[in-house]
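This is what each chain is made of:
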Amino acid sequence: MDFFVQQLVNGLTLGSVYALIALGYSMVYGILKLLNFAHGDVYMMGAFAGYGVLIALGGPYDLTLPVVAVIALMFLAAMLASGALGVVIERFAYRPLRNAPRIAPLISALGVAFFLQSSALLLFGADFRSYDTYEYVDLAQGIHVGPLNISVVRLLVIGTSFALMIALTLLVSRTRLGKAMRATAFDREAAAMQGIDVDRVIMATFFIGSVLAGAAGVMVGLVFYKVYFLMGFLAGLKGFTAAVVGGIGSIPGAMLGGLAIGFGEAFITGYVSSTFQDFFVFAILIVILLVRPSGLLGRADIQKV
Amino acid sequence: MDEHRKEPTPPQPPDTTREGGPRIGVDEWVARSGERITRRAGWTAPAAEAFERVPPWARLALVVALAACVPFVSDSEYVVRVAVNTVLFGLLALGLNVVVGYAGLLDLGYVAFYGFGAYAYAILSSNQFDLHWPTELTIPVVVVASALLGLLLGLPSRRLLGDYLAIVTLFFAQIFVVLTTNADRINVPFVDGPVDFTGGPNGIAGVDPMSFFGIELSRVEHYLWFSLVVFTVVIVGLHLLNESRTGRAWRALREDPLAAELMSMPVNRLKLLAFMFGAAVAGLTGTIFASVQLGVFPQNFDLPLLITLYAMVILGGAGSLPGVVLGAAVITISLELLRDPGNARLLFYGAIVLGLLAFMRPWTKLAVVAAGTVVFGFVAYFVVDAVHPAWTAGSIDGGGLGGLLDGWVIHPESSVRLGNGAFVLLVAAVIALSQLKGRWRLALTIPTLYLAAVVWENRLVFEPSVTRILLLGALLIMLMNARPQGLMGTSRVEIV
Amino acid sequence: MKKLLLVLVLALAVLAAGCGGDDGTDATGTTAATNGGADTGAGGSVDCEGAIGIMAPITGDAGAIGTEQLNWAKFAVSRFNEEHGTTFRLEEGDTQLDPAQASTVAQRFTSNNAILAVVGPAGSQEVEAVAPAFTRANMGFVSGSATRTSLTNGDNPTFHRVVPNDDAQAPTIANHILENLDPQTVVVIDDQTSYSRPLADGIQQTLEDGDVTVRRESVNQKQTDFSALVSRIPNDANVVVLPWQIAANAQIFGQQMREQGKDATIFGSDGLFSPDDFRIDGALVSSFAPDIRNIEESQELAEAFQAEHGDFGTFGPPTYAATEVVMTAMRNVCESGEELTREAVAEAIGEVSISESILGGELAFDDNGDPEGAEFYIFRVEDGEYTLVTE
Chain A
213 MDFFVQQLVN GLTLGSVYAL IALGYSMVYG ILKLLNFAHG DVYMMGAFAG
263 YGVLIALGGP YDLTLPVVAV IALMFLAAML ASGALGVVIE RFAYRPLRNA
313 PRIAPLISAL GVAFFLQSSA LLLFGADFRS YDTYEYVDLA QGIHVGPLNI
363 SVVRLLVIGT SFALMIALTL LVSRTRLGKA MRATAFDREA AAMQGIDVDR
413 VIMATFFIGS VLAGAAGVMV GLVFYKVYFL MGFLAGLKGF TAAVVGGIGS
463 IPGAMLGGLA IGFGEAFITG YVSSTFQDFF VFAILIVILL VRPSGLLGRA
513 DIQKV
Chain B
843 MDEHRKEPTP PQPPDTTREG GPRIGVDEWV ARSGERITRR AGWTAPAAEA
893 FERVPPWARL ALVVALAACV PFVSDSEYVV RVAVNTVLFG LLALGLNVVV
943 GYAGLLDLGY VAFYGFGAYA YAILSSNQFD LHWPTELTIP VVVVASALLG
993 LLLGLPSRRL LGDYLAIVTL FFAQIFVVLT TNADRINVPF VDGPVDFTGG
1043 PNGIAGVDPM SFFGIELSRV EHYLWFSLVV FTVVIVGLHL LNESRTGRAW
1093 RALREDPLAA ELMSMPVNRL KLLAFMFGAA VAGLTGTIFA SVQLGVFPQN
1143 FDLPLLITLY AMVILGGAGS LPGVVLGAAV ITISLELLRD PGNARLLFYG
1193 AIVLGLLAFM RPWTKLAVVA AGTVVFGFVA YFVVDAVHPA WTAGSIDGGG
1243 LGGLLDGWVI HPESSVRLGN GAFVLLVAAV IALSQLKGRW RLALTIPTLY
1293 LAAVVWENRL VFEPSVTRIL LLGALLIMLM NARPQGLMGT SRVEIV
Chain C
700 MKKLLLVLVL ALAVLAAGCG GDDGTDATGT TAATNGGADT GAGGSVDCEG
750 AIGIMAPITG DAGAIGTEQL NWAKFAVSRF NEEHGTTFRL EEGDTQLDPA
800 QASTVAQRFT SNNAILAVVG PAGSQEVEAV APAFTRANMG FVSGSATRTS
850 LTNGDNPTFH RVVPNDDAQA PTIANHILEN LDPQTVVVID DQTSYSRPLA
900 DGIQQTLEDG DVTVRRESVN QKQTDFSALV SRIPNDANVV VLPWQIAANA
950 QIFGQQMREQ GKDATIFGSD GLFSPDDFRI DGALVSSFAP DIRNIEESQE
1000 LAEAFQAEHG DFGTFGPPTY AATEVVMTAM RNVCESGEEL TREAVAEAIG
1050 EVSISESILG GELAFDDNGD PEGAEFYIFR VEDGEYTLVT E
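Chains as they are written, first to last, in our numbering: chain A, 213 to 517; chain B, 843 to 1338; chain C, 700 to 1090.
Everything labelled a hint here was simulated from the structure, so no lab data went into it. On a predicted model such as this, the values are computed, not experimentally measured, just so you know. Don't be surprised by glycine CBs; every beta carbon is placed ideally from N, CA and C. Some hints here could point you the wrong way.
Unchecked claim - Label-pair ranges, simulated between beta-carbon atoms: (1) C:912 <-> A:511: 50 to 58 angstroms; (2) B:993 <-> C:912: 53 to 61 angstroms; (3) A:300 <-> C:904: 50 to 58 angstroms.
Claimed, not checked - Computed list of lysine to aspartate or glutamate pairs in DMTMM-like fashion (alpha-carbon distance at most 25 angstroms, straight line): (4) A:438 <-> A:350; (5) A:438 <-> B:972; (6) C:961 <-> A:401.
Modelling step: build the complete structure from the supplied sequences, incorporating the hints.
Following this line, the structure appears as structure tokens:
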């Protein structure tokens, strides 16, 4: 039983990070029908931005500000940096291709991904950087009830993710911007005809998606410590998978997909096999998609004849 | 008062030949009608028209003949090896073209077929299970097996559309990598002890070279010629396929799956056929690869290869046979060329100069920019030298070009930090450039060019391995912006 | 039209670069003959020049390892040139740890007549992929990190390595566990690479021969989260063996073990020897050399390197040693008056003997290409410091 609960916690932590990344993919796809391969690298840059702030404020060993302030600043810096980067990428690499066949912005995204990765390699080097959270946060704190061992950092990560997801859902469902986003995702031309500034809505979408990715980057750094130039590749892949499995274009779907993959990985490693973990996770996801071809919460696109 | 009482001009039909004009049409033949009607202008016109007049089979023969002469032109094994790699990538691109370009299915698991072909050949022709089947038997068996695997993987395509199919095929590719990495200790019933199927992370080394009817392919040149033969056969076969009913059906499927289905085309069967053909070509290429490398390893077939392959296909223009081969050639050769810092420097400056030539249309503008950059450089160098002599203390080596630049580019002894800062500044400047217009744009171009030289000499030239990926990324972005349909692809048309 | 022109422009640039680029380091090799000619035969007593290829995973997943190896090789070349007045230079070849790229880079090196010997490649599977080409070209190559035992079984006569092979390390680790750690259940986790698998297999075998229950797991190194795997560690396991290559991952693993209250001792192989990355208190790490920072003779080198390139882990110093071996061999050939050819260098490598190598003590090769007198040392991590565990 305690094993099960432990894996639940593991899965929840991992899943909420994947969900945040998946949200960015889903939102952009919903509006532009574009798979933004560069999203994973935006996440990587966010993680590095957070690391930069950490070092600037005294590095893992000698913080000049109280821990809470440092962490808050890291989040802020990462989110703003990623958001700005996302907007810039959109203007530079995707906007000129707005009316091109779908596959052109895909390759442009690939180019951006290559460029960001090599820039990170050039500027930061190939070494692994570590947030070394245990140096400034006492991991013994947190919830230790019986079999449950959740350190305070994991609580922070899970809590922040859910807070961000709730904020996003509220944004999309209650605000005017959210309405505009939903309208643009549904039918871009009709939305433009209704007077919605499509360019600004798209910019806002990219900004929000990238902000979430940046937050995810800092979270990963805090819980898993390791930050390096290639981290965006695999995380982006998992995020993309989560978005598709949950139903691409659907925001609750992305969250569900992320959690599904997180739990899947945790439970399969825990109960079945660590060697073939990927194998079983993918097999299960294939089955899910075969049973529900549009993803868990996706709507089958109504094809207009 | 005449302006107010002008006759309204009769509505003109939309100009489909003007770039940027509304594009209305229903298929690629119509979309390309503009190209067919327009007389070519400019100095490339005679060359382009002469090229068009040559029949396709002659063009193919010419290219193949040129490629086959490579071993005679250069006695470097490396060049021949790069040629072989190019042909192999060309083959892979052709196969992927069938799936992505003809049938319009986003298959992200393509490299798994490649790997399957390679591993199957390796298992049948090495010491792994002590099987040494003759090549004449192995190749057909592997091709058929790959096609069957393609059929298997294509089955989900019946229910899944678009990106969902992409994800499932991606899963298959990852499963393949996981299996090959870990299938070295599988417990098979009725067999004593764990069986080593794929050699695990160590792969299978010591694969037999190919041999046909007694003639063994022992040198790289032999492989080049053999793969050119295979390449010719495949490309002719695929061309014939494209012209056939199946090809037309695939095109219909790609353009509008729903309409195709309504016209009673066997959509599912077509998709499976596409998968099978693609898989067969990939499996065939895999066997050649395994015997060229004389071994197979799981790292050979992972995602970076898939990404490179897609870049080749899209760059060249999905749907166009010569296009994807061109894309494969361009990317493979540029990546190899860029390994060498000397080449890379020439390429970098050459591309900048030629790009300026192409885009600065009135030559006065070009002259202004060129002169401005040179002057700016000297001024900047002079100023920096006066203020911070340490910053110009370093030197640039590397032949004639380097010497020229020594007195022009700011170059401190230890240039990493300056290089990094300049790099970030350069990226910002390029982005700003793309958003500006007119005189401001012209004015900003000058310092940007100088900054590019600074970044190159201070940072990028010392890291050729990183630089080539950087340049590849930049190339992809620029090319997609300039020509979204790829080098030779057909402009796709949206139905209004 | 403008766009097509841009495309043509780029294509032309590529072709122009291919035909025109020859700044002396010509990759196409057509003018390399002159280069080779100019270099060979010029070997007088001190006037020695030539190029050394280095194959490493400079970019890609193992970029951290490859960059470190490259920097140490550069460091070695500049120091040797300064000390001996030679003019050796490096040619880098990025393999991304992919055997296919490695074999292409190998052919690039063999086609470049200026390159007389190669340092690397890093991975054992890469050595397998490049061996045929190098053997045919009589190119000597010395690896600082390929540890698969079968590489020196005689199939690759021009191959040498400066690190002991898996047959030496696995028993050392396993025996230390058996003798000193009173093992109940031991968990051995490999990282699915060609370095780790055979090592883990060997350790498991020796432990099982010693009647210890071994639980074997395996995990992909691309992961970020090992918590689920950590949960799988049974509570009665008191030793966890991690023959991994990425020390940062082992650090994460160890921290997550602490988080979940598992206090088994972690035993790492030489891949984890990295005082900056792996600092779990109480862990044990094996190494084929004493930490060069603790070797008196090598301290100056370590400090000089750190001043120039920053921190380093375990993969750099052996590459320094390998580069030094190659350069010493080349210099020996020059001094003997012989012509500086690949065959001569390959032969000379086998006979090199460096009395105060950076790895501590003498470095020389046995007939197979393995370093003589290879021994493994065990270190314990205490408060972020690595201290030698003396028997």
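A quick look at each hint next to the structure:
1. At about 53 angstroms, the CB distance of residue 912 of chain C to residue 511 of chain A agrees with the hint of 50 to 58 angstroms.
2. Residue 993 of chain B and residue 912 of chain C have their C-beta atoms about 45 angstroms apart, which leaves the hinted 53 to 61 angstroms range violated.
3. The hint said 50 to 58 angstroms for the Cβ distance between residue 300 of chain A and residue 904 of chain C, and at roughly 55 angstroms that hint holds.
4. The suggested pairing of residue 438 of chain A with residue 350 of chain A holds, with an alpha-carbon distance near 18 angstroms, which does not exceed 25 angstroms.
5. Taken as a hint, the residue 438 of chain A and residue 972 of chain B pair is broken in the structure, with Cα atoms around 44 angstroms apart against an allowance of 25 angstroms.
6. A distance of roughly 58 angstroms separates the Cα atoms of residue 961 of chain C and residue 401 of chain A; the hinted pair therefore is violated under the 25 angstroms criterion.
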